[in-house]
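Student: Numbering follows the numbering used here, with no gaps: position 27 of the sequence shown is 27.
These aren't lab readings, by the way, just hints derived from the structure by calculation. Glycine included, each C-beta is placed from N, C-alpha and C at the ideal position. Do not take every clue at face value.
Unchecked claim - Cross-link-like lysine-lysine pairs, in silico, DSS-like; alpha carbons within 27 angstroms at most:
id: 1; residue 1: K194; residue 2: K123
id: 2; residue 1: K32; residue 2: K43
id: 3; residue 1: K32; residue 2: K42
id: 4; residue 1: K162; residue 2: K92
id: 5; residue 1: K92; residue 2: K42
id: 6; residue 1: K114; residue 2: K43
id: 7; residue 1: K162; residue 2: K123
id: 8; residue 1: K32; residue 2: K123
id: 9; residue 1: K92; residue 2: K114
Unchecked claim - FRET-style restraints, in silico, Cβ to Cβ:
id: 10; residue 1: T179; residue 2: G104; range: 17 to 27 angstroms
id: 11; residue 1: R44; residue 2: G101; range: 35 to 45 angstroms
id: 12; residue 1: K123; residue 2: R40; range: 40 to 50 angstroms
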Amino acid sequence: MARVEDGEKRRGRRGVKKGRQCRFSEPTLGEKRLRDAYERLKKRGVPLASNQVNYSLIYRNPEENGVKAACDELGITLIAYSPIAQGVLTGKYTPNNPPTGPRGRIYTPEFLTKLQPLINRIKEIGGSYEKTPTQCTNFDDIVVVLNWLICQGNVVPIPGAKNAEQAREFAGALRWSLTDQEVEELRSMAREIKPVIGFPVEKL
1 MARVEDGEKR
11 RGRRGVKKGR
21 QCRFSEPTLG
31 EKRLRDAYER
41 LKKRGVPLAS
51 NQVNYSLIYR
61 NPEENGVKAA
71 CDELGITLIA
81 YSPIAQGVLT
91 GKYTPNNPPT
101 GPRGRIYTPE
111 FLTKLQPLIN
121 RIKEIGGSYE
131 KTPTQCTNFD
141 DIVVVLNWLI
151 CQGNVVPIPG
161 AKNAEQAREF
171 AGALRWSLTD
181 QEVEELRSMA
191 REIKPVIGFP
201 VEKL
């Protein structure tokens, strides 16, 4: 990522000093830099509001590298970008219909074959909650994987909505909750899927 003192962050700090904002957010900080930024801002009386990281059911690095735990400890909201893994967790891609372009080098037919049992279970869970509007055939998958992130606590997923209708569909992940058993079942199934070298796709 860019150095902490890049232009955008300097402008953000100037905004804090001038009273235009009272909180500061940082993108993609690892645990060490997160704690350092928190302490530096704390000395200036400015809360570190959020940390934006790649986080999804099949990419749980923030849990494994200490970032999630640090955010929970310090009261920093974890903003999860790419929560549906570039659309892969919606079930739209299959071994016979893999994504094209750079994503196709990551989400290969072999990977998608291993992913299919998890996708099937996600669909089953979504169907049990009757989360299926008539205009979105993969809605089950989307709201379940978004709700899974919400169930981790202190996490705000930010899926990319292309229009107002899609934003309303994403909102279907709110005001209900997976059971603890379902959360752990999906996590357990996801652990069995080993990402290929180069995962996640943003590294390409």
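Student: Next step is simple, just say for each hint if it's right about the structure.
Tutor: Do the hints match the structure? See the list:
1. K194 with K123: holds (21 angstroms)
2. K32 with K43: holds (17 angstroms)
3. K32 with K42: holds (15 angstroms)
4. K162 with K92: Within the cut-off at roughly 16 angstroms; holds.
5. K92 with K42: violated (44 angstroms)
6. K114 with K43: violated (48 angstroms)
7. K162 with K123: Measuring from Cα to Cα gives roughly 23 angstroms; hence the hint holds.
8. K32 with K123: Violated, at roughly 38 angstroms.
9. K92 with K114: Satisfied, since the Cα-Cα distance of roughly 15 angstroms is no more than 27 angstroms.
10. T179 with G104: 17 to 27 angstroms: violated (35 angstroms)
11. R44 with G101: 35 to 45 angstroms: holds (43 angstroms)
12. K123 with R40: 40 to 50 angstroms: holds (45 angstroms)
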